[in-house]
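Enquirer: Let chain A serve as the given structure and place chain B on it in line with the hints.
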Amino acid sequence: MSTEPVRVSIKDLHLSFGHTQVLKGVNLEIEPGEFFAFLGPSGSGKSTLLRAIAGFGPNPSGRILIGGEDVAVLPPWRRNVGMVFQNYALWPHMSVRRNVAFGLQERKLPVAEIRERVDGALDLVGLAELAERRPSQLSGGQQQRVALARTVVVEPRLLLLDEPLSNLDANLRVQMRRDILNLQRQLQLTTIFVTHDQEEANTMSDRMAVLNEGVIQQVGPPMALYDHPANLFVADFLGTANVLRGRFVDIDGGCRLVTDDGIELPVKKYPAAGSGVVILRPQALNLTEPEAIPDPSQVVLPGTVRYREFLGAIIRYGVDVGPHQLVVDHGHRPGEPIYEAGMAVAVRVDPTHIVPLTE
Amino acid sequence: MTFLKRQPRGAAGVAAVLAVFLLVFLVIPVVKVVFVAFQDPASGAFTFVNFIDFFNTPLFRESFANSLYVACMSVVVGSAIALPLSYFTTRFNFGGAVLIQTLGVIPLIMPPFVGAVAMQLLFGANGSVNLLLDQWVGFTIPFMEGLNGVIFVESIHYFPFILINLSAALHNIDRSLEESAQNLGAHGMRLFRRIVFPLAMPGYVAGASLVFLKVFDDLGTPLLLNVNDMLAPQAYLRISSIGISDPMGYVISVILVVFSLLSLWTSFLALRGKDYASVQKGGGGLAKRDLRGGQRAMAYLVVTFVLLIVLSPHVGLSLLSFGTIWSFSELPDGYTLANYQEVFASSSQYITNTLLYAGLAASIDVVFGTAIAYIVWRTGVVGRQWLDYLATGALAIPGVVLGIGYLRTFNEINVPFVDKPLASWWVIIVVALAIRRLPYALRACVAALHQVAVALEEAAENLGATKYRTVRRVVVPLMIGGILAGFITSFATAAVELSATIMLVASESDAPLSYGIYVFMQSAAGRGPGAALGMIAVVIVGVATYLSHRVIERHRRERRETAGDVAPAI
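First to last, the sequence lines map onto chains A and B. In terms of my numbering, the first sequence is residues 93 to 451. In terms of my numbering, the second sequence is residues 14 to 583.
Don't read these hints as lab results, they were simulated from the structure. Mixed in with the good hints, there may be bad ones.
As the list claims (entries may be wrong) - Chain A regions said to be covered by chain B (calculated; three or more residues, Cβ under 8 angstroms):
1. 172 to 185
2. 432 to 444
Said to hold, decoys possible - Simulated DEER-style distance windows between Cβ atoms:
3. Asn151/A <-> Leu81/B: 50 to 56 angstroms
4. Gly404/A <-> Leu112/B: 56 to 62 angstroms
5. Cys85/B <-> Gly110/A: 42 to 48 angstroms
6. Cys85/B <-> Phe109/A: 43 to 49 angstroms
Please read these numbers as outputs of a predicted model, since none were measured by experiment. No residue lacks a Cβ here, since even glycine has one placed at the ideal position from N, Cα and C.
Pulled out of the complex, with its shape left as it was, chain A reads as follows (with noise of 0.2 angstroms):
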């Protein structure tokens, strides 16, 4: 089972429900082989896009090109892209025999020819034994390797996986993520799946789009993004950021965002002159003692602790520097020294951690 892994464009792609645009000019790249996530919060059109790609949902204008075939006029049956649905789809009346079969019974194919690729595929995601069981008798797990097997079994030139570790409990996701990678990477095939879960996109895509009200945010590799966000919705989108509003200034021929209650807090390069925030990972922050003897590099700030919150790995703190208040994490060693609510604080942070952006 392996075919040339494709490219896929998509241009200018605009849909809407009625009235309602959610998707508003999308352009995009995907290279072949890569494995490609959508991420976005519930409503962002992530889903809808990917509908789009397979053919469902209202028509859109644009155009969406696979492999350099343009096949936004195509209705889904002739696009040959396979689509994994979040609640899998399975058809309760068939056997997983039949369900894994029926994609190669619509295109004719001769009948051992179905026999031998349905237990290919069945064993590929090891399942060959369950083959007469109805998808009811299955677990969760199970099914899903089905839905994947019924899929790939068709050697489709795209895979679509919508929101495929959903409904999985905690536990088999991280294992499902492992093996659909696999799959992946066994199978050569150019694989978008949809997601609003950002652990999920960072721990399985090359790269990722991230999409908000139907408009791409920022494309790039999981880590490339969450270091370097494009705007303040990816930054928040992709994990908790402290935010400190200012405008930017020259001072001394360094940039500075400077805050109204007058923190300065040097930047490498600002976006434009004028109003901008700046960005901090609680992991970039660090407390110490207020007279600790100062690091010359770095940038401290004085502050009280509002409150702690021990999270197992990390030790949360949440800290009040003037009218902010910042979160700071800890990683949690035991031994080290700890913070208590009240106390006084210095919480530094190295300057190249510190991510401007404009508002």
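Expert: Structure of chain B alone, referenced to chain A:
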């Protein structure tokens, strides 16, 4: 919310065919009837003169008042039977609850006109009950005297509509709603008046308006009880004796349609936006109380009494069908199988015709019902909602009206090869039955379709199945339980339809069971064989109802087993 793209040309074509069918066999005949009612018979000009004539004729005024009176009284009497029963089943821990639920459907198995004559023999002036009363206590009760008879027969047949709707409404009230009211200080009558009653009201109104509609439109029962001064019998008699050009039949038809629409509208208003299915996890229904010894005995007494009355048409019909002569006596003089022998020997065409007509009509209904359900809910065909509205609109058209409309519209149209007017060809009876039962079949099909998640279809299309193949391999197989249930419901009710049938039967050889029963029951000598035919009808409908119950149960069980893997789409 599901928006499906692309209107497949095939679906639009099927929709067009369905629309034409509904137009020709429902809309045009009804419009024609309304049209004629407002037309001057001589000049053809628009006029109200027919309506003025109608209300100036004492007989029609009386008929109108009688029909209203009978329909309202049937609701009152039906409520009197249904209210205590539904209260018992939902409020108390009571072993008779199952009995009441079963008892609730028994009258529906048999349309009222079938048992009407038997009821006369049991409850009439010289019937069993009054003979016994006269003998033991020295007075009689005029159960079956004129309009009383119609009210009595109709209400014991149609009270289940109130019982079922009201019980469902009471059952759907979450216990926590009652308990939170108690927690906030309400109890007793106040609790009932402020919480239980308002929550149960929509169900009651829906059931009551259905009873009103059924009784107001019913033709067979008054005809068989020889009560002719009501609207539906008058319409029938005018058309069948004076002819299809007499405007009074059309005026009555318009009045029947208007009242049908009003009662459907009432039921719609009652239920709209009042989806009180408020049951949460942990069990629904009001808090049940235990009955004390005396109360329990009383409850059983009431239930037994109601059960006896409800079963009396069936008992009477059995006695009549197996009896020799039954007149001025508590029971028939002797018992015999002769009536059945006569029916099977000389009138078996009634039975075969019924099986054929009802079978064909039910087949048309499920095929069309499935197609309409799919087109309306799963395609983007422009104007698709109208198919649903039209098909459902048939509910508001009484059988008499449809029959008159067909006579008026299709009398001029000659069927090639058969060389008969379409209005007197047996196929028109099948069409009338199909149109009249389509709303029920359609609802069954829509319910079945809603059980099929859209994702299941999309998965098939995604794997290369066209729309047509998807419907055949995924949608219909998953709907099959609901479709079968729809078929059987349509079949069972079509098998005993009389009001449209009676207008359209052109010759005895084309007549179905219900017509045969009507014809036999006209003469005293024919009552025995007529009752035997009635029993056969009851058996056919009873078996069909039982089957549909089984099918629905099995389907529900299978659904429950597979409910885990496919949640309804979006």
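Enquirer: For a quick check of understanding: which of the numbered hints are violated here, in increasing order?
Expert: 2
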